[in-house]
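Going down the list, the protein sequences come from chains X and Z.
So the first sequence is numbered by UniProt numbering: it starts at 1 and just counts up by one.
So the second sequence is numbered by UniProt numbering: it starts at 1 and just counts up by one.
Some hints here could point you the wrong way.
To be verified - To give an idea of the chain Z side of the interface with chain X (calculated C-beta under 10 Å), a few residues:
| no. | residue |
| --- | --- |
| 1 | Lys4 |
| 2 | Leu20 |
| 3 | Ala22 |
| 4 | Pro64 |
| 5 | Ala66 |
| 6 | Ile68 |
| 7 | Gly94 |
| 8 | Leu120 |
| 9 | Leu132 |
| 10 | Asn153 |
| 11 | Thr162 |
| 12 | Leu164 |
| 13 | Val165 |
| 14 | Ala187 |
| 15 | Met189 |
| 16 | Gln235 |
If you're looking for bench data, these hints aren't it; they were derived computationally from the structure.
Think of the CB as a built atom: it goes at the ideal place given N, C-alpha and C, for glycine as much as any other residue.
Number of protein chains: 2
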Amino acid sequence: MSAKVWLVGAGPGDPELLTLKAVKALNQAEIVMIDDLVNPAVLEHCPDARIVPVGKRGGCRSTPQAFIHRLMLRYARQGKCVVRLKGGDPCIFGRGSEEADWLAEHGIEVEMVNGITAGLAGATNCGIPLTLRGVARGVTLVTAHTQDDSSLNWPALAQSGTTLVVYMGVAKLPDIRESLLAGGMRADMPVAMIENASLPHQRECRSNLASMQQAAHDFQLKSPAILVIGEVAAQQQIQALAEIA
Amino acid sequence: MSAKVWLVGAGPGDPELLTLKAVKALNQAEIVMIDDLVNPAVLEHCPDARIVPVGKRGGCRSTPQAFIHRLMLRYARQGKCVVRLKGGDPCIFGRGSEEADWLAEHGIEVEMVNGITAGLAGATNCGIPLTLRGVARGVTLVTAHTQDDSSLNWPALAQSGTTLVVYMGVAKLPDIRESLLAGGMRADMPVAMIENASLPHQRECRSNLASMQQAAHDFQLKSPAILVIGEVAAQQQIQALAEIA
Numbered sequence: 001m002s003a004k005v006w007l008v009g010a011g012p013g014d015p016e017l018l019t020l021k022a023v024k025a026l027n028q029a030e031i032v033m034i035d036d037l038v039n040p041a042v043l044e045h046c047p048d049a050r051i052v053p054v055g056k057r058g059g060c061r062s063t064p065q066a067f068i069h070r071l072m073l074r075y076a077r078q079g080k081c082v083v084r085l086k087g088g089d090p091c092i093f094g095r096g097s098e099e100a101d102w103l104a105e106h107g108i109e110v111e112m113v114n115g116i117t118a119g120l121a122g123a124t125n126c127g128i129p130l131t132l133r134g135v136a137r138g139v140t141l142v143t144a145h146t147q148d149d150s151s152l153n154w155p156a157l158a159q160s161g162t163t164l165v166v167y168m169g170v171a172k173l174p175d176i177r178e179s180l181l182a183g184g185m186r187a188d189m190p191v192a193m194i195e196n197a198s199l200p201h202q203r204e205c206r207s208n209l210a211s212m213q214q215a216a217h218d219f220q221l222k223s224p225a226i227l228v229i230g231e232v233a234a235q236q237q238i239q240a241l242a243e244i245a
Numbered sequence: 001m002s003a004k005v006w007l008v009g010a011g012p013g014d015p016e017l018l019t020l021k022a023v024k025a026l027n028q029a030e031i032v033m034i035d036d037l038v039n040p041a042v043l044e045h046c047p048d049a050r051i052v053p054v055g056k057r058g059g060c061r062s063t064p065q066a067f068i069h070r071l072m073l074r075y076a077r078q079g080k081c082v083v084r085l086k087g088g089d090p091c092i093f094g095r096g097s098e099e100a101d102w103l104a105e106h107g108i109e110v111e112m113v114n115g116i117t118a119g120l121a122g123a124t125n126c127g128i129p130l131t132l133r134g135v136a137r138g139v140t141l142v143t144a145h146t147q148d149d150s151s152l153n154w155p156a157l158a159q160s161g162t163t164l165v166v167y168m169g170v171a172k173l174p175d176i177r178e179s180l181l182a183g184g185m186r187a188d189m190p191v192a193m194i195e196n197a198s199l200p201h202q203r204e205c206r207s208n209l210a211s212m213q214q215a216a217h218d219f220q221l222k223s224p225a226i227l228v229i230g231e232v233a234a235q236q237q238i239q240a241l242a243e244i245a
């Protein structure tokens, strides 16, 4: 029995942003356990696999993590080739390493496949570079999700000089604004809020730190969305115009 | 004339971490302008294209950026399909947006294709998750390269509670150590230094903030390498051991 689980990043949504390695894993998968945020279009690479949705159950609650663990283990011990497919990258807010460690401790070989994270793809599609010489020498990716007990040091982030990319922040806009303002970030710092990153129906709402909550309300911004906070969020896609010869 | 330039991320080195979109761009490329840090193995996807290396010239100096700009423009105006291939992602320390803006201002259509950045792939290959529930709620990518005049706020980074991933830091280890220690980061903070991220000859050197310079010297660490600084850098790949039935 070649018990093996692939923990695969499905990327941000655009099926063309899958890696070749992810496609290879899907091609040989017998079981694909798929999260909510994964674009089902990527399943064209595994037409014969059994698809097991584990993002939500009953439409209201998340599948418990322990249940996902045991399910992966059961399939792997049956000798099945299992792909666990996650949105973005498995190890950027994806709990990939928790799953990998648990499986390895139970004797299952694991292979991790990186994916393009949504914050990067969403910003790129809006013409926003996450780093820019002379403007932003770095970028910080954080989650506003509170299931994690560790506390973020928002004042330090406000002072870091890096572009901030906030995942799962839509419900936390007031907290994020207050924390960053209290940390000394200027009120007119540019903000881009990006819904459905990298998909054809991606929408972007430009604003600034002080007014982002009102702007999101007027825009009817919905989760999942990414916030990009920093000087670079003022950058726009430049359209190529034909030059006069 | 369909003048168009693709700005494509070639990923961290492992050719299987190319995206499908990057492969599509390479398939139709007539000219491929390639940086030093790109693994030439990815050129199997463009066997008929003319390859133009623009990373270094004469083995000692970088090709001036203005020269690269003009060369892309010239090929595009000849109606050629041009792919500009960069290591990692074009917009994470890649100057992709500068090139895109310049080309668009000169009437050339540009399409950007994201790639997996080296810091992510290198860490994943070492069993290090860049974020981890209860340990690191975020990750900051920065470059230590000094061509950029903007100054980094190292004390804020030391206090941010995010994992730090430092690109182009090998020559700057003493500065980075002093800055982070002065910013209040503890001396025994785990550090992983990763050479040739994602390639078969990837090497990793584990250490901590206080001793990383000596460790890098003993290890004969060479550029290009990535530094991962933070609690997560103590994580190890767990090997799957067969359970006793």
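Hint check: 10 Å Cβ-Cβ cutoff, Gly94 (chain Z) to chain X: 8 Å, holds
Interface hint for Ala66 (chain Z), Cβ within 10 Å of any Cβ on chain X: Result: violated, 14 Å to nearest chain X Cβ.
Given hint Leu132 (chain Z) near chain X, where the shortest CB pair must fall under 10 Å: 6 Å, holds
Hint check: 10 Å Cβ-Cβ cutoff, Ile68 (chain Z) to chain X: Violated, about 14 Å.
Supplied contact hint for Lys4 (chain Z), tested at 10 Å Cβ to chain X: Constraint on Lys4 (chain Z) satisfied, holds at 9 Å.
Interface hint compliance - Ala22 (chain Z) to chain X, C-beta minimum distance less than 10 Å: 9 Å, holds
Cut-off 10 Å, beta-carbon criterion: hint that Ala187 (chain Z) touches chain X: 19 Å, violated
Given hint Gln235 (chain Z) near chain X, where the shortest CB pair must fall under 10 Å: 7 Å, holds
Leu20 (chain Z) as chain X interface residue, shortest Cβ-Cβ below 10 Å: Holds, about 5 Å.
Chain X contact restraint on Met189 (chain Z) - CB to CB distance below 10 Å: 15 Å, violated
Interface hint compliance - Thr162 (chain Z) to chain X, C-beta minimum distance less than 10 Å: 6 Å, holds
Status of the hint placing Val165 (chain Z) at chain X (closest C-beta pair under 10 Å): Since chain X brings a Cβ to about 9 Å from Val165 (chain Z), closer than 10 Å, the hint holds.
Of the numbered hints listed earlier, those contradicted by the structure are 4, 5, 6, 14, 15.
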